[in-house]
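Colleague: Take the sequence shown: its letters are residues 11 to 79, numbered as in the numbering used here.
Source of the hints: derived by calculation from the structure; they are not laboratory data. Please note that a few of the clues may not be correct.
Stated by the list, open to error - Capping the alpha-carbon separation at 25 Å, the derived lysine to aspartate or glutamate pairs in DMTMM-like fashion look like this:
| # | residue 1 | residue 2 |
| --- | --- | --- |
| 1 | K47 | E31 |
| 2 | K54 | D40 |
| 3 | K51 | D40 |
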Amino acid sequence: MNRLVALARMQHSGVFLSTSEALTLQLIKDAAHPQFKEIQKILKEPVPEIGLLGFFQGMNNPLLPNSRP
11 MNRLVALARM QHSGVFLSTS EALTLQLIKD AAHPQFKEIQ KILKEPVPEI
61 GLLGFFQGMN NPLLPNSRP
């Protein structure tokens, strides 16, 4: 619960919330990166649900189902 409150406060303060996957792809820039294939394999591995999906679905994000318009 504290994590959700902290994320909501950061977002309200203007922080752009993102994912580790998005950050990783921004850092390597494009598929020309020499380790892109290795990184892509890691990013495709399923990760356990940690309770944040519902938080992000409530945000105004057209990429997520059930997000607010």
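Colleague: Are the hints correct? Go through all of them and say.
Modeller: To see whether the hints hold, each was checked on the structure:
1. K47 - E31: 14 Å, holds
2. K54 - D40: Holds, at roughly 16 Å.
3. K51 - D40: 15 Å, holds
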